[in-house]
Amino acid sequence: MKILTATLTLIFALAMPAISRAQCHESDCCDIQHCQSHNGCSHANKRHHSRNNDYMVSDFKVYYRGKAVEGATVSSFTVLGEDYAKDAFRVFYKGQKIEGTTASSFTLLGEGYAKDSFRVFYKGQKIEGTTASSFTLLGDRYAKDSFRVFYKGQKIEGATASSFTLLGEGYAKDSFRVFYKGQKIEGATASNFVILDNGYAKDAFNTYYKGRKI
Numbered sequence: 003m004k005i006l007t008a009t010l011t012l013i014f015a016l017a018m019p020a021i022s023r024a025q026c027h028e029s030d031c032c033d034i035q036h037c038q039s040h041n042g043c044s045h046a047n048k049r050h051h052s053r054n055n056d057y058m059v060s061d062f063k064v065y066y067r068g069k070a071v072e073g074a075t076v077s078s079f080t081v082l083g084e085d086y087a088k089d090a091f092r093v094f095y096k097g098q099k100i101e102g103t104t105a106s107s108f109t110l111l112g113e114g115y116a117k118d119s120f121r122v123f124y125k126g127q128k129i130e131g132t133t134a135s136s137f138t139l140l141g142d143r144y145a146k147d148s149f150r151v152f153y154k155g156q157k158i159e160g161a162t163a164s165s166f167t168l169l170g171e172g173y174a175k176d177s178f179r180v181f182y183k184g185q186k187i188e189g190a191t192a193s194n195f196v197i198l199d200n201g202y203a204k205d206a207f208n209t210y211y212k213g214r215k216i
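Be aware that the sequence shown starts at 3, since it is given in our numbering, and climbs by one per residue.
In case anyone wonders, no lab produced these hints; they're calculated from the structure. Some clues are possibly wrong.
Now the in silico label distances, taken between C-beta atoms and shown as ranges [what the hints assert, rightly or not]:
#1 G141 <-> G189: 23 to 29 Å
#2 A90 <-> F207: 56 to 62 Å
#3 N208 <-> G141: 22 to 28 Å
#4 Y211 <-> S119: 49 to 55 Å
With a straight-line cut-off of 20 Å between C-alpha atoms, the simulated SDA-like cross-links for lysine to any residue are [said to hold, decoys possible]:
#5 K99 <-> G83
#6 K186 <-> I197
#7 K154 <-> G141
#8 K186 <-> K204
#9 K186 <-> G172
#10 K99 <-> L111
#11 K154 <-> S193
#12 K128 <-> R143
Ideal placement from N, C-alpha and C gives every residue a C-beta, glycine not left out.
Whenever a hint applies, use it, and build me the whole structure from the sequences.
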């Protein structure tokens, strides 16, 4: 009887799948220790955090890439993404406090852009002369408000916001001009400018490769 019981116990143990890091539903937990159970991926005195950011929240401190984030409030700390984070009172980029921000209204837009009710930021730096209420992300690092157009946080001189359109592959245009990665393409005709593929584009008269006439 004892032999039969031991045999059944061994068979049952072998049949039960081990809980691996890949199977754990919160396998992005901090690498301090792996799940001791499959119930919530609990870690002793550690909080869950995502591997696609460099913040770590412990019981008493917040860290960014191994350095303590000064002034951060643990209880309300939230990772927004793209190196942005905030607590109830402050906003941070790469672990450094962003001065002059309003945490309650601070929102990540994407591609390095973020804003609160009054200001717009690119990679943690305030973009001067923007209107936050109308500021929107277009894509490919382009963004605009009601009056201005930006590429990687820099204003594109001469671009008309009301007619500015993202074309793709770094190209964009307004009613009169064509741009590649924020730079005006001299001589390009906006009205019939079209994207081809793999960096190529054309208008009625010329062909372009990555913004350069060929």
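Comparing the hints with the structure gives:
The hint said 23 to 29 Å for the Cβ distance between G141 and G189, and at roughly 25 Å that hint holds. The hinted window of 56 to 62 Å between A90 and F207 holds, with their beta carbons roughly 57 Å apart. For N208 and G141, the hinted distance range of 22 to 28 Å is satisfied, since their beta carbons lie about 25 Å from each other. A beta carbon spacing of about 42 Å between Y211 and S119 contradicts the range 49 to 55 Å that was offered as a hint.
Taking the CA atoms of K99 and G83, the gap is near 15 Å; set against the 20 Å cutoff, the hint holds. A distance of roughly 15 Å separates the Cα atoms of K186 and I197; the hinted pair therefore holds under the 20 Å criterion. This hinted pair checks out: K154 and G141 have alpha carbons roughly 10 Å apart, not beyond 20 Å. Only pairs whose Cα atoms come within 20 Å are accepted, and K186 paired with K204 is accepted, the gap being roughly 14 Å.
Distance restraint check for K186 and G172: the Cα-Cα separation of roughly 12 Å lies within the 20 Å cut-off, and the hinted pair is therefore satisfied. Restraint check: the Cα-Cα separation between K99 and L111 comes to about 18 Å, which is no more than 20 Å; the hinted pair holds. Our distance criterion of 20 Å between C-alpha atoms is broken by K154 and S193, whose separation comes to about 25 Å. At roughly 16 Å between alpha-carbon atoms, K128 and R143 fall within 20 Å of each other, so this suggested pair holds.
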